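Student: Sequence:
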Amino acid sequence: MENQPFSLSIRNISKTYPGGRSANGVKAFSNINLTIPAGMYGLLGSNGAGKSTLMHTLATLQEPDAGSINLGVLDVLNQKEEVRQTHGYLPQEPTASLDPAERVRFLNLLSELSENSLVILSTHIVEDVAELCTNIANINEGKILLEAKPLQATAALKGKIWRKLIDKNSINQLEQEHKVISAKLLSGRTLVHVYNPENPGGGFEPVEPDLEDVYFSTMTGHYIPTHQETKTEEATI
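Our numbering applies: residue 84 is where the sequence shown begins, and numbers increase by one.
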């Protein structure tokens, strides 16, 4: 969306596809509300989270069942031709098949474009968003779980993420005792990160949270950001 100094306002949009196992159809997303400013915006979510359906809607390729979308003074749902003259759409994960050098060049191009445009990077690759985006949203099962600036989001988790290296066969027991947000194999053992506002003890050590911790904490449902927490953290950065 080039040369647009204004924001993209998404209000209460929903989309349900007919069919599926439910008599009510399959909900792609429900009551999405986002305000996306100029610059680089990261939309993070796993496969099937609702990212593609939302992007198709923003690109005027399909209609939502309810809600409104405004790009500055343009009504996206009712002024499709005017909107299509202002923006472009690149489907699928843009960096998924690129080698490291091509990936860097592509991300640099996006960064340059976002200096005078509004660019939405829809992906499940946390690293891309962490490197580029000044604002982010996490989406899962068609709902926005988090909307924040990356530094604001990681600051909100400070003192709440802990790690421990365990035997890989101990993970099931640990998941029963702690709020495990991620587990990675490391030299035959498993490095786990857990969410806990207090020291969990048991040999855990504190971790300086990063955007991956934010992503997994929200996606697992262990961390539910509050508006007041967001305002407090934003004021301290």
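Because the hints were derived from the structure by calculation, they are not lab data.
All of these numbers come straight from a predicted model, not from anything done at the bench.
A couple of the hints might just be wrong.
Stated by the list, open to error - With a straight-line cut-off of 20 Å between C-alpha atoms, the simulated EDC-like cross-links for lysine to aspartate or glutamate are: (1) Lys267 with Glu295; (2) Lys243 with Glu291; (3) Lys247 with Glu281; (4) Lys110 with Glu224; (5) Lys232 with Asp293; (6) Lys232 with Glu214; (7) Lys247 with Glu214; (8) Lys226 with Asp148; (9) Lys262 with Glu281; (10) Lys243 with Glu258; (11) Lys267 with Glu288; (12) Lys241 with Glu291; (13) Lys232 with Glu291; (14) Lys243 with Asp293; (15) Lys262 with Glu214; (16) Lys262 with Glu291; (17) Lys241 with Glu230; (18) Lys241 with Glu198; (19) Lys241 with Glu295; (20) Lys247 with Glu288; (21) Lys110 with Glu146; (22) Lys243 with Glu224; (23) Lys232 with Glu210; (24) Lys243 with Glu176; (25) Lys267 with Asp182; (26) Lys163 with Glu146; (27) Lys243 with Glu230.
As the list claims (entries may be wrong) - Simulated DEER-style distance windows between Cβ atoms: (28) Asn161 with Lys267: 39 to 49 Å; (29) Gly242 with Leu160: 12 to 22 Å; (30) Gly102 with Ala184: 39 to 49 Å; (31) Ser151 with Gly285: 45 to 55 Å; (32) Pro174 with Gly285: 44 to 54 Å; (33) Met138 with Pro101: 16 to 26 Å; (34) Phe89 with Gln175: 25 to 35 Å.
For glycine and all other residues, C-beta sits at the position ideal for the given N, C-alpha and C.
Student: Could you run down the list of hints and mark each one as holding or not?
Tutor: Here's how the hints hold up against the structure:
Between the alpha carbons of Lys267 and Glu295 the distance comes to roughly 13 Å, so the proposed pair stays at or under 20 Å and holds. For the given pair, Lys243 sits about 9 Å from Glu291 by alpha-carbon distance, which is consistent with the 20 Å threshold. For the given pair, Lys247 sits about 15 Å from Glu281 by alpha-carbon distance, which is consistent with the 20 Å threshold. At roughly 8 Å between alpha-carbon atoms, Lys110 and Glu224 fall within 20 Å of each other, so this suggested pair holds.
For a cut-off of 20 Å, the pair hint linking Lys232 to Asp293 stands: about 12 Å separates their Cα positions. Proposed proximity of Lys232 and Glu214 is supported: the alpha carbons are some 12 Å apart, at most 20 Å. A distance of roughly 26 Å separates the Cα atoms of Lys247 and Glu214; the hinted pair therefore is violated under the 20 Å criterion. Using a Cα cut-off of 20 Å, the hinted pair Lys226 and Asp148 holds, with the two alpha carbons roughly 15 Å apart.
A distance of roughly 12 Å separates the Cα atoms of Lys262 and Glu281; the hinted pair therefore holds under the 20 Å criterion. Distance check on the hinted pair: Lys243 and Glu258 sit about 17 Å apart at the alpha-carbon level, within 20 Å; holds. Among the hinted pairs, Lys267 with Glu288 is consistent with the structure: their alpha-carbon atoms are about 16 Å apart, no more than 20 Å. Distance restraint check for Lys241 and Glu291: the Cα-Cα separation of roughly 7 Å lies within the 20 Å cut-off, and the hinted pair is therefore satisfied.
Taking the CA atoms of Lys232 and Glu291, the gap is near 17 Å; set against the 20 Å cutoff, the hint holds. Of the supplied pair hints, the one linking Lys243 and Asp293 holds, its CA atoms being roughly 12 Å apart against a limit of 20 Å. A distance of roughly 27 Å separates the Cα atoms of Lys262 and Glu214; the hinted pair therefore is violated under the 20 Å criterion. Using a Cα cut-off of 20 Å, the hinted pair Lys262 and Glu291 holds, with the two alpha carbons roughly 17 Å apart.
The suggested pairing of Lys241 with Glu230 holds, with an alpha-carbon distance near 17 Å, which does not exceed 20 Å. Under the criterion of a C-alpha separation no larger than 20 Å, the hint pairing Lys241 with Glu198 is inconsistent with the structure, at around 30 Å. The suggested pairing of Lys241 with Glu295 holds, with an alpha-carbon distance near 13 Å, which does not exceed 20 Å. Of the supplied pair hints, the one linking Lys247 and Glu288 holds, its CA atoms being roughly 7 Å apart against a limit of 20 Å.
Distance hint between Lys110 and Glu146 is fulfilled; the C-alpha atoms sit about 14 Å from each other, no more than 20 Å. Using a Cα cut-off of 20 Å, the hinted pair Lys243 and Glu224 is violated, with the two alpha carbons roughly 25 Å apart. For the hint linking Lys232 to Glu210, the alpha-carbon distance of about 15 Å falls within 20 Å, and the restraint holds. A threshold of 20 Å between alpha carbons decides the hint, and for Lys243 with Glu176 the separation of about 31 Å lies outside it, so the pair is violated.
Restraint check for Lys267 and Asp182: the C-alpha separation of about 23 Å exceeds 20 Å, so the hint is violated. Of the pairs offered as hints, the one joining Lys163 and Glu146 holds, with about 11 Å between alpha carbons and a cut-off of 20 Å not exceeded. Annotation: proposed proximity of Lys243 to Glu230 holds, straight-line Cα distance about 19 Å (limit 20 Å). Distance hint check for Asn161 and Lys267: the Cβ-Cβ separation is about 47 Å, which falls inside the suggested range of 39 to 49 Å.
Checking the proposed 12 to 22 Å range against Gly242 and Leu160 shows it is violated: the Cβ atoms sit about 43 Å from each other. Take Gly102 and Ala184: their Cβ atoms lie about 43 Å apart, and the range 39 to 49 Å holds. Distance hint check: the CB atoms of Ser151 and Gly285 are about 50 Å apart, consistent with the given range 45 to 55 Å. At roughly 46 Å, the beta carbons of Pro174 and Gly285 sit within the given window of 44 to 54 Å.
One distance hint, 16 to 26 Å for the beta-carbon pair Met138 and Pro101, holds here, with the actual separation near 21 Å. For the pair Phe89 and Gln175, the beta carbons lie near 27 Å from each other, so the given range of 25 to 35 Å is met.
In terms of the numbered hints stated before, the structure departs from hints 7, 15, 18, 22, 24, 25, 29, listed from lowest to highest.
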